[in-house]
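From just these sequences and the hints, can you work out the full model?
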Amino acid sequence: MLTDADPAAFAAYWGNVAAMFRARCAVLSGARQIAELPVPEHRRGPAGAAPAT
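The working numbering numbers the first residue of the sequence shown as 15 and each following residue consecutively.
Hints in this document: simulated from the structure, not taken from any laboratory.
Idealized CB from N, CA, C, for every residue including glycine.
Wrong hints could be hidden among the right ones.
Pairwise CB distance ranges (calculated) [unchecked claim]:
id	residue 1	residue 2	range
1	Pro21	Ser43	29 to 35 Å
2	Met34	Glu55	17 to 23 Å
3	Ala40	Asp18	30 to 36 Å
4	Pro52	Ala22	18 to 24 Å
5	Phe24	Pro52	16 to 22 Å
6	Ala23	Pro52	18 to 24 Å
7	Ala19	Ser43	34 to 40 Å
8	Ala19	Val41	30 to 36 Å
9	Tyr27	Pro52	16 to 22 Å
10	Leu42	Asp18	33 to 39 Å
11	Leu42	Ala22	27 to 33 Å
12	Pro52	Pro21	17 to 23 Å
13	Ser43	Ala23	29 to 35 Å
What follows is the structure in structure tokens.
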């Protein structure tokens, strides 16, 4: 499982998922503020922020 093999990759993966979810919510609702919400600490990648892909 990815959590056991590479915890940093797992955190980066969930950071990407969270960023994509916020962007999708912003598009669907028309509210740009949703995409700018801070990423929770446990969902951040190794660089300190979730990368958007």
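Outcome of the hint check:
Under the hint 29 to 35 Å, the C-beta atoms of Pro21 and Ser43, about 33 Å apart, fit the expected range. The supplied range of 17 to 23 Å is met by Met34 and Glu55, whose beta-carbon atoms lie about 19 Å from each other. With their beta carbons about 33 Å apart, Ala40 and Asp18 fall inside the hinted range of 30 to 36 Å. A hinted range of 18 to 24 Å for the beta carbons of Pro52 and Ala22 is consistent with their spacing of about 20 Å.
Take Phe24 and Pro52: their Cβ atoms lie about 20 Å apart, and the range 16 to 22 Å holds. Hint check: Ala23 to Pro52, Cβ distance near 22 Å, so the stated range 18 to 24 Å holds. The hinted window of 34 to 40 Å between Ala19 and Ser43 holds, with their beta carbons roughly 36 Å apart. Our hint of 30 to 36 Å for Ala19 and Val41 holds, since their Cβ atoms are close to 33 Å apart.
For the hinted restraint 16 to 22 Å between Tyr27 and Pro52, the CB-CB distance of approximately 19 Å keeps it satisfied. Range check, Leu42 to Asp18: about 35 Å between beta-carbon atoms, so the 33 to 39 Å window is met. At roughly 31 Å, the beta-carbon separation of Leu42 and Ala22 lies within the given 27 to 33 Å, and the hint holds. Between Pro52 and Pro21 the beta carbon distance is about 21 Å. The supplied range of 17 to 23 Å therefore holds.
A beta carbon spacing of about 31 Å between Ser43 and Ala23 agrees with the range 29 to 35 Å that was offered as a hint.
Hint compliance for this structure: every hint is met.
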